[in-house]
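Engineer: The lines below spell out each chain.
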Amino acid sequence: MDLFSNAIVAGILLGAFYAAVAVGLAITFGQLDIVNIAHPAFVIAGSYCTWIINTRLGLDPVLIGVLLTPIFFVVGAGIYRIYYAAFERTGQESLSGLAFFFGMMFIIEVVLILVYGVDYRLVSAGYIGGTIEFGYVGIPFRMLVPCVVAAAVTVGVWLYLSRTFTGRAILAVAQDRLALQLMGADPVRIKQFAFGLAIATTAIAGSLLIIIGPVEPSVGRVYIGRAFAIVVLGGMGSIPGMIVAALILGVVETLVGTFMGPSWAPAVAFGVLLLTLAIRPTGLFGRQ
Amino acid sequence: MVDRRLFTRALVAVGALSMAAAGSLASFAAHAQAKQPIKIGFSMALTGGLAGAGKAALIAMEIWRDDINKKGGLLGRQVEFVYYDDATAPAKVPPIYTKLLEVDKVDLVVSSYGTNEIAPAMPIVMRKKLVFPSLFGLAVNDEFKYDRYFQIMPAGPEPKTDWSRGFFDLALQQNPKPTTVAIVAADAEFALNAAAGARANAQKLGLKIVYDKTYPPATTDFTPIVRAIQATNPDIVYVGSYPPDSTGMVKAANEVGLKAKLFGGGMVGLQFAAIQKNLGPLLNGIVNYDFWVPEPTLDFPGVKEFLAKYQAQAKDKGVDPLGHYLPPYAYAYLQVLEQSVQATKSLDQAKLAAHMHKTTFKTVVGDVKFGKNGEWAKSRVLMVQFRNVQPDNLEQFAGPGKRVVLYPKEWKSGDIVYPYKQ
Chain A
1 MDLFSNAIVA GILLGAFYAA VAVGLAITFG QLDIVNIAHP AFVIAGSYCT WIINTRLGLD
61 PVLIGVLLTP IFFVVGAGIY RIYYAAFERT GQESLSGLAF FFGMMFIIEV VLILVYGVDY
121 RLVSAGYIGG TIEFGYVGIP FRMLVPCVVA AAVTVGVWLY LSRTFTGRAI LAVAQDRLAL
181 QLMGADPVRI KQFAFGLAIA TTAIAGSLLI IIGPVEPSVG RVYIGRAFAI VVLGGMGSIP
241 GMIVAALILG VVETLVGTFM GPSWAPAVAF GVLLLTLAIR PTGLFGRQ
Chain B
1001 MVDRRLFTRA LVAVGALSMA AAGSLASFAA HAQAKQPIKI GFSMALTGGL AGAGKAALIA
1061 MEIWRDDINK KGGLLGRQVE FVYYDDATAP AKVPPIYTKL LEVDKVDLVV SSYGTNEIAP
1121 AMPIVMRKKL VFPSLFGLAV NDEFKYDRYF QIMPAGPEPK TDWSRGFFDL ALQQNPKPTT
1181 VAIVAADAEF ALNAAAGARA NAQKLGLKIV YDKTYPPATT DFTPIVRAIQ ATNPDIVYVG
1241 SYPPDSTGMV KAANEVGLKA KLFGGGMVGL QFAAIQKNLG PLLNGIVNYD FWVPEPTLDF
1301 PGVKEFLAKY QAQAKDKGVD PLGHYLPPYA YAYLQVLEQS VQATKSLDQA KLAAHMHKTT
1361 FKTVVGDVKF GKNGEWAKSR VLMVQFRNVQ PDNLEQFAGP GKRVVLYPKE WKSGDIVYPY
1421 KQ
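Sequence order for the protein chains is A and B.
Mapping the first sequence onto the working numbering, position 70 (from 1) lands on 70, and the numbers just tick up by one.
Mapping the second sequence onto the working numbering, position 156 (from 1) lands on 1156, and the numbers just tick up by one.
Certain hints may be false.
Stated by the list, open to error - If you want the footprint, here are the derived chain B segments under chain A, 3+ residues with CB under 8 Å:
#1 1144–1155
#2 1236–1248
Said to hold, decoys possible - Listing some non-contacts, in silico: residues in chain A with all C-beta distances to chain B over 12 Å:
#3 Val75
#4 Ile79
#5 Tyr84
#6 Leu122
#7 Pro140
#8 Asp176
#9 Gln181
#10 Val188
#11 Ser218
To be verified - Here are some chain A residues the structure puts well away from chain B; computed CB gaps all over 10 Å:
#12 Cys49
#13 Leu59
#14 Pro70
#15 Gln92
#16 Gly117
#17 Thr131
#18 Ala151
#19 Trp158
#20 Ser162
#21 Pro187
#22 Gly213
#23 Val244
#24 Leu274
These aren't lab readings, by the way, just hints derived from the structure by calculation.
By construction, the Cβ of each residue, glycine as well, lies at the ideal position given by its N, Cα and C atoms.
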C-alpha cells in the first residue's frame, strides 16, 4: 500500500511535468496543425537560458522560466512569420514545413553545442534535494515544484483559450479559418499569437526540466515521442484531454516501473495509447 | 647510312639516361612519401549523448598530436588526424571507418569513445587486419576475439566481472557481512554488461539478489525505482547507469532515504566535475568506480603536466573542466601507439600488434600491459568513496581527499566508511 500510494503520487507529479512539456505542442500540433517537431528543442533552449541566468545571477529557476516567457513568445511569433511566408502561404506546409522544424531542431541543438559545449548542465535552488512527508508518502520538492508550476501553466492556458476572445479565436482558426476571416479577424495574426504562446510555454517547461535533472543539448529528443503521444492521446487540440493524457502516462509509467520493472514502463504506457486510440480514434477528449 | 656502332652507343646512352631519370623520380617519390604526414583516422562522438566525453577525448588527443609533432613526429613524419563526428549514433560508425580507409587512406586507426561506438567499427577494422587501440569499451572483444584489439580502459582480463569485483569484494570485507543485493541498470550496452558482471559476482559470492531490473535510458524520475528497491530492503545496491540517470539515482536515493549499507558501483557521470559540483554533499559515502583520481597513490609521471594542458584548453569549450576520468586515457592510448611505432620503426600492422602484446608501456596513466584478449592484463578498476564533499565547490575535486581510493589495495589511499549513510 505504501509503495502503491507513493507510485501514484510520483506518477501524478511526473504527469504534470509531461503536461507542461506538451501544452505548447497541444496548441501548435493539436490546434494549429503545425507539426512542430522542434518543440522539445525549444524546451532545452529554455533549460539553457535558465541555467545561464541561475549560475550568473542566482535567481530561482521557476522565476527565470516565467521571466523568459515574453522573449520566447516573440521568438515563437517570429518563427511563425517565417514558416507562414515560406510554407503555409504557398500550401507547402505538410512536408516542407516538417523539414523546416526538423532543421530548426538541429540548429538549436548545434548552436547550443557550439556556444555552451556538451557538458551536463544543472541548476541549484534551495528546495532541490528536500522531501516533504505526508504519512508514508514522500514527495520530493524537485518533483513537487515542477508539478505545481506545470498545473498553473496548463490550467492557465486552458482558461485563456476557453474564456478570452483571442483564446476562442485560436480555437476557431483551427476549426474554420474562413469563418474567422469573415468575422473580421486575421487568421495569420491569430496563428502567430498562438504559436508565440506555445513557444512561451517551453521557457517554463525548460526551467522545470532542469530542476528535475541534468540537461545537455540533445536531451530534448527523449521528449519528442512522449509529447506527441500525449497530444494525440488527449484528443488533438484539447487542453483538458492533454492534461488527463499526461497524468495517465505518468501514473502508468510509475506504477509499471514500481511493480513490473522500469523497462516495461514505456511499452505499457504506449500500449495504453494504442488501446485508447483503437477504442476512441479521436483521443480521450477529441471531437468525433 | 647510319653507323651501326654509333647507333648502338646512342641507344645505350639514352637507355642509361632514362634509367637514371626513372631512378631519380622513384627516389624523389619515396622521399616525398617519407615526408608526408602519418594520418591517424577515427570517429568521435562530438554531438549527441556521448559528446561531453567525446569532445574531452578529442582535446586530449590533440594535445598528444601537438606534443609528438613538437618532438619531430613519428618516424620523422608529422602526425595528422582525420576524424568525423559519429553523432553518438552507432550506425554512422561503419561508413566513417570505410571512408577513412578507402578514401582518406589513413595509415593508422583508433577507436571512438564508448562501447556502443567501438563495436560497430570492429568488423571493418578486422577485415583490414589493423591494430585497433580502443577507448573505453566494456567487453567489446568478448564477442569478436580479435587479436589486434587493445583496450586502454583498465577493466582487466575479464572486463564484465572485473568491473564490479572491487565493489563486491569491499562489501564482503565488512562486518556484519551483507547478504542481499539489488542490481539496477540502464537498458544500454555498457550498463547491461556492467549489470551482468555484477550479477555473476553476486552469485559467486553467495549474495541473494532481491532486485534485478533495468530501466529505459529516457527515464525522467527515478524515485519510483529507488522506492521499489527500498521495498526489497537490500544490504547493498549496485547501479549501472549513464550521467543523467546517475544524477537522478543519487538525488532519488537521498530523497527517498535509501537505507542500503553500500550504494553505487557502476555509475557513469559521478566522475564528471559539473555533476560532482551540483550533487555536492549528496555524494558523500557513495562507493563508485573510477579510473584516475588525484590521490597520492596515483601520481604517475606526466599525468599532472598533461592535466594542466588539458584544463587550460578545456576552460572555454564546455567540456569537463577537470578531465580526470577520460582525457588521461585518451592521451595514453595514443602513447601506446606512439611507443609501438617508434619501437618497431614501422607502420606494419602485424609488427605493431606483436609489440603491443609483449610490451609494458609507460604512459600518463601508469604502466599499461595488455593481456591476450587486448584488455589490461590486470584490472585496475578503482573503487573510490566520496568523502567530506562540500556544496557548490568545483575546486575541491581538483585535489586529494574527496575521492578516496578503497580498492585495489596497491592503489588504496584510505579506508571505507561503512554503512554509506551514517
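Engineer: Now tell me if each hint is right for this structure.
Structural biologist: Outcome of the hint check:
no. : hint      : verdict
1   : 1144–1155 : violated (count 0)
2   : 1236–1248 : holds (count 4)
3   : Val75     : holds (22 Å)
4   : Ile79     : holds (23 Å)
5   : Tyr84     : holds (30 Å)
6   : Leu122    : violated (4 Å)
7   : Pro140    : violated (4 Å)
8   : Asp176    : holds (38 Å)
9   : Gln181    : holds (42 Å)
10  : Val188    : holds (35 Å)
11  : Ser218    : violated (5 Å)
12  : Cys49     : holds (15 Å)
13  : Leu59     : holds (15 Å)
14  : Pro70     : holds (27 Å)
15  : Gln92     : holds (28 Å)
16  : Gly117    : violated (1 Å)
17  : Thr131    : violated (5 Å)
18  : Ala151    : holds (16 Å)
19  : Trp158    : holds (23 Å)
20  : Ser162    : holds (29 Å)
21  : Pro187    : holds (37 Å)
22  : Gly213    : violated (5 Å)
23  : Val244    : holds (19 Å)
24  : Leu274    : holds (18 Å)
Checked against the numbered hints given earlier, this structure breaks hints 1, 6, 7, 11, 16, 17 and 22; the rest are met.
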